[in-house]
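Novice: Listed in order, the protein sequences are those of chains L and V. In this text, residue positions in the first sequence follow the working numbering: the first is 1, and each later residue adds one. In this text, residue positions in the second sequence follow the working numbering: the first is 1, and each later residue adds one.
Calculated from the structure, these hints are not laboratory results. Predicted, not measured: the structure shown is a model, and the values here were computed from it. Hints may be right or wrong, so weigh each one.
Claimed, not checked - Derived CB-CB ranges, DEER-like: (1) L:Ala125 <-> V:Ala158: 27 to 37 angstroms; (2) V:Lys115 <-> L:Val89: 46 to 56 angstroms; (3) L:Lys25 <-> V:Val83: 50 to 60 angstroms; (4) L:Asp57 <-> V:Gly255: 49 to 59 angstroms; (5) V:Pro95 <-> L:Arg144: 42 to 52 angstroms; (6) V:Leu139 <-> L:Pro67: 20 to 30 angstroms; (7) L:Leu148 <-> V:Gly255: 21 to 31 angstroms; (8) V:Val282 <-> L:Val89: 34 to 44 angstroms; (9) V:Glu167 <-> L:Arg144: 29 to 39 angstroms; (10) V:Gln275 <-> L:Val89: 42 to 52 angstroms.
The beta carbon of each residue, even a glycine, is placed where N, CA and C say it ideally should be.
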Amino acid sequence: MPETTVSEILAQHPFTHDLDQEERKALAGLATVRTYEPDDLLIREGRAADTFFVIVDGLVAIEMFLPDRGVRRLQTVEAGDVVGWSWIVPPYRWEFDVRALARTTAVVLDAARLRELLDRDEHLATRLFQKLLLVVAARLSATRLQLLDIYAPPAEVGR
Amino acid sequence: MRESVAAAVPADPFLPTAFAVTRVQRETGDTATIALRPPDGDGFVFQPGQFNMLYLFGVGEVPISVSGASDRSDAVEHTIRSVGTVTRGLTVLRPGDWVGLRGPFGRGWPLDEAKGRDLVIVAGGLGLAPLRPAIRHVLAHRADYRHVAVLYGTRTPADLLFRRELERWRGRLDWDVLVTVDRADPTWRGNIGVVPRLIGQVERVLEPANTVAFLCGPEIMMRFTERELRQRGIPPERIYLSLERNMKCAIAMCGHCQYGPLFICKDGPVFPYSQIEFLFEVREI
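With the hints as constraints, model all of the structure from the sequences given.
Specialist: See the structure below:
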């Protein structure tokens with residue numbers, strides 16, 4: 001897909017729409033648009049965290065595989081959101097699986113080049129990390145609420 | 001608002017009227033919807049969001065929100081989760097049994113205020129039951145409202161209430177109905193996560209300053225949800241919550257459901273957030 005098209009997608013996406021045009025163009029230069037079919041894995045736990053996904057359309061699930069219990073689906077991430085931040089944190093290894101639940105389109109950024117870009121461009125780094133912090137905070141808050149198991153029958157509360 | 005034909009509330013608000021159980025629908029493992037018909041067959045008038053006191057003869061009385069009016073009869077529906085002696089008894093009733101009923105009581109959802117505006121309805125768990133009459137009303141008068149979104153979260157796919165009706169709602173193209181569960185096995189292909197997160201999926205079609213929100217569910221879920229809504233610019237006076245307390249008399253005399261200067265049974269159970277904001281995070285109440 002041409003670079004300009006990726007820029008246009010990023011201009012419409014809630015995560016990137018308010019970046020400067022030049023900043024979006026720089027990100028587009030590191031990105032490709034990919035489509036995933038249902039059940040395709042976008043991210044596999046333990047592998048190198050070499051990509052950053054901006055979800056444009058569809059639905060993906062964050063999962064974990066437990067040897068004794070199989071796959072546990074933890075949360076879903078939908079169009080308009082982003083997924084994956086292990087590329088920011090050494091040793092840059094994924095800690096979860098991410099699987100497409102529906103046909104999903106994502107702008108996929110090359111994480112190694114993105115890290116280099118952010119090292120060079122402090123302004124973009126600050127803005128991008130602020131945005132990512134909001135995503136992480138919202139997801140942490142949602143996870144805490146999820147952990148409370150607020151719909152549990154009273155008999156199970158406090159177990 | 002007329003949900004079915006009229007029945008007179010007894011002059012003595014403490015005196016229950018005997019209603020016959022006409023139908024029992026098992027919703028989930030611990031929840032059932034019972035349809036009740038007044039003995040004179042006159043039906044029952046209520047506002048969406050109001051509640052009744054249901055008396056299981058010889059056992060006790062509990063407040064239960066009206067969850068609908070039956071399509072096929074003049075019966076009024078209540079969706080009840082088995083959590084104690086009375087509710088356990090109510091969920092195992094059979095057609096032909098009798099229940100004492102006082103009501104309806106309280107202030108319901110402000111459907112008139114939502115006319116001409118965007119409407120977001122957020123339900124958590126059993127909280128869908130008190131909202132169902134409001135949702136049905138909106139569907140029956142769809143042209144009166146602008147964009148409508150129903151966001152429903154529950155524990156697992158097995159805990160979804162009104163499953164067939166929910167599937168019909170999701171099949172309509174003139175509103176958004178989004179469902180999420182807190183946990184699911186890999187056979188579930190939908191959203192997983194808490195219900196406030198669904199707001200992000202519909203916010204682009206809403207005009208915050210002209211949006212009304214109805215919230216019902218566990219109080220912690222409503223707390224997280226009202227924060228998300230206010231953060232997006234929806235005014236606190238247009239965010240309505242249904243609160244639950246230990247209602248006994250249902251007419252603001254006994255004080256069991258006192259909430260600061262308010263009585264949930266008479267002043268609520270539906271309140272604008274702006275009215276209860278000063279109390280909402282007071283832990284002692």
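Novice: Let me make sure I understand: some of the numbered hints might not hold for this structure. Which ones are they, in numerical order?
Specialist: The structure breaks hints 1, 6; every other hint is satisfied.
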